[in-house]
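Asks: Protein chains in written order, with this note's numbering: chain A, 1 to 304; chain B, 1 to 438; chain C, 1 to 155.
What the hints contain is simulated information worked out from the structure, not anything from laboratory work.
We put the beta carbon where it would ideally sit given N, CA and C, even for glycine.
All clues given are correct.
What follows is a list of derived Cβ distance ranges for each label pair:
(1) Pro-246/A / Glu-22/C: 36 to 44 Å
(2) Val-2/A / Asn-58/C: 55 to 63 Å
(3) Pro-248/B / Leu-28/A: 44 to 52 Å
(4) Glu-148/A / Asn-58/C: 32 to 40 Å
(5) Glu-22/C / Glu-136/A: 26 to 34 Å
(6) Lys-117/A / Tyr-91/C: 50 to 58 Å
(7) Glu-112/A / Pro-49/C: 38 to 46 Å
(8) Lys-117/A / Asp-85/B: 24 to 32 Å
(9) Glu-136/A / Ile-10/B: 24 to 32 Å
(10) Lys-233/B / Pro-186/A: 41 to 49 Å
(11) Glu-311/B / Ile-36/A: 34 to 42 Å
(12) Gly-228/A / Ser-93/C: 30 to 38 Å
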Amino acid sequence: MVKRIALAQLSSCWGCDQSLVDLHLKLLDVLPALDIVYWPAVVDYKMADLEAIPNHSIHFGFVEGSCRTKEDLHLLRLMRQKSKLLVAWGSCSAYGGVQGLGNQWELNDLLERKFLKADTITEGRIPEENLPGFTEHVTPNPDIVDFEVILPGCPPTSENTAEALTALISGKPYDLPDKTVCDQCPKERKEKKIKKFFRTHEGHIDPNKCLLDQGYLCLGFATIGLCGAQCPTVNTPCKGCFGPPPNIKDHGAKIISALGAIADMTPEELERAFPDPIGSFYFTDYASSYLSRIRGKQRSRKKK
Amino acid sequence: MTDADRTIKIAPVTRLEGHGELTIKLTKTGKVKDVQFNVSSTRFFEKFLEGRFAEEAPRIAPRICGICPEPHHLAATKAVEAAWDITPPPAAIRLRRLLINAKQFSSHALHFFALAAPDFLAGPLGDPALRNVVAIIKAMPDVGKMALEMMQFGQDLAAAVGGKAIHPVTSTPGGMLNPFSEEKRDLFLKRVENVKKQTLETVTLAKRVVQDYWDPITKLAVTPTYYLGMHNKGNLEIFDGNLRVMDPEGKVVADFRPKDYQKYYGEYVPKHSYATHIYYRPAGYPAGIWRANTLARLNVADKMATPIAQEALQEMRDALGRPIHATFAYHWARIIELVQAIEEIEDLLKDPQIVSKDTKLSDVQPKKGDGVGCVEAPRGTLIHHYWTDERGIITKANMVVATNNNIAGIEKSLMVAAKQIFEDKAHENLKLPDPMIK
Amino acid sequence: MITPKTTAPGKAVRKDKKSTFEPRIMAFCCNWCSYAGADLAGTSRMQMPPNVRIIRVNCTGRIDISFILDALYQGADGVLVSGCHPGDCHYTSGNLKMKSRFALLKRLLEEAGLEPERVHLQWASAAEGEVFAEGITNMVERIKKLGPNPVGRRI
Ligand code: SF4
Ligand code: SF4
Ligand code: SF4
Ligand code: FES
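In isolation and in its complexed conformation, chain A is listed as follows (with noise of 0.2 Å):
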């Protein structure tokens, strides 16, 4: 039976959209097997089509993105009523995504430097006719409707997505990975004490080894494994794009814990070489710490 899906974009990059496009040639193993029903990226159906169609009745959806704005709220809500199984497809959409960096300031704050006070702005304002308005802060999607499928990364890589759609295509359960990005990284870890940290463009990456033993902050060892260690495998430090493991709930938290046992530096020094543990620690996920989650709590007890 052909199975019905629908793809939409909540506010994101559009790259888990591309990583599938990417698929190029081996999308036409897939496609057959799929009716398209909404996928504005692609083809011309507009958001009417979607409102149309009955309820229950879409067998896959495909969610990209995280609700920055209130459209992206209706948009979640209304892929939530059309599907039978909706997938939180890439890091926005599982955890609220970069953007859940925003988290850290009011949304005052992010609309005066982007619309007020940016350098070459002359008069500024904010815009708001014809426009759906902001969230006061990026809740991640699963927080807000109920999924059947979290397929993270940023983007899930072309094999991901694909992996994933055979598998919900032939009927069959798809499930993460309890690995980590270190099972899949051809380099080896020793494990060693870290006596110093390294910025990316400090010293000399060697090729051969482990980027965290040479004191470069690689979050592989926190991350799941999913991407096949894309980054590490091209000397580059996993920045943890894909989250962490299924089992732990707080990314950033699951870091420091393990940096205190690592390292072989004093409180002082460790503290020093992270000044910006938001930023170093959490990438895509912030939006789905205790944290930026206290704080939502905080901002929406606020607004009643």
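Go by the hints and put chains B and C with the ligands onto chain A.
Replies: Positioned in the frame of chain A, the structure of chains B and C with the ligands alone reads:
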């Protein structure tokens, strides 16, 4: 707005990356009152880059756009390098040029085949269900296969240099973290010849489309604006050069270094869009509305940087002159840049330096200062401007992304098109060919 | 004891609430020293505010930072971690690991806009019931000044 006024809303605008809606306001007599391009989302990167290590900006900023992350990766790196006063080794610059050209190539191929060609091949008034790349693949398998191979080549090369197909990671202040291996270089050298051949076939296909659609191309949405683009001694350039502004009459009115952009760039905040409108500051708004993008680059450049592309440009200029204001000529312009990209890629792959191991400095020192990083993204000139403190932490960021250079121009040309369609019914008199797929 | 100075925003508390506000404190105590200390404080009937919930752990080195954050998320107004004095940890250096983590945790709270004074790390040996009790009392005082956890009451 009176009751008799009519508002047409198109939401979302499809086959366009980014979140856009179109609002067209008509009076009761059918006159077009207003056309709004409502960009309905933004994520505030300018703010949340604050407080981060500057070398992380090349990791964070690509997420501004998943379709064109490479230019952001590189503009971010260049901005930090400018702020810290560092010059990366020559091999790193070659690798970065390879990366940006690979993106340029795959993006233009994708844009032509997946986003624009459906309208031309299925006809702009054809069945909406057929106006997409999937239908093209089914109806014209040869073209479809060629399109996919070309896009794949560009994406594969970008992934090989950048380390990741989407959101590259290897460029960092001071150089490239991962040298290009000889094995990889050889693999791409083997493929490049065939892809170059396909590129030339695409030129032929595009020329055919242009001939078929000569009427709408030369008559619909012809919109004079200013143009902005990068050049290197007059040659079209996408990685490192000066910026040039051309006025609607074709006169070069400014030629400046990107670091001086604030003198020439104005940013207007419309009441109806989260994307601001960038314009030529000395001329004011809206008079100074400019467009960046491929056609703009072709307008401001004296010539292309590579020989076959130059021939193609000459052919276009012979047909349409300079500057070209026809909005639909963008599709032709894109193909000319596609040719330059593949020629540059071939040259770079053949350059022995491309596999040099000396790709990164090791003694980079952060410092307090500010720096501008500028490259051309497929959709236009991109500027990242960061301020850092002594530790190399970002204290402020200003970014002028490619698309914002074009929003006002898009609106302007949509206004022209809407008037032609709703008032003059111009589309009914246009000569349109029989669609190639029905 | 260092008097904390509040750097994080959002500390404004309405006066009327403050007087009736009884902070809820979650204390993680290491089994070997501090828990015994807490016990001692209890059995010797030292004055200790009643609003503390104590969770016994093997060693402070075993405390995952997410436990502390989870406690805050669930509405704890403050979290106290009490371990053995440096050099006395039964697992050699669990407490030192905790000290390193704590430095990063505090910085993290501050950056997130939550008062870092809501978490506190102290050392107390098995014999130091009064040190433990005093730590709790100080914690309660500190949190009273800060006001309730902005997340609202849940535990
Ligand atoms: S998860 Fe990453 S790639 Fe996907 S939309 Fe979000 S930012 Fe883009
Ligand atoms: S380089 Fe990174 S991912 Fe690889 S083993 Fe080391 S820490 Fe893990
Ligand atoms: S290695 Fe880490 S940062 Fe790189 S893609 Fe994988 S999860 Fe993301
Ligand atoms: S055993 Fe008490 S802190 Fe380690």
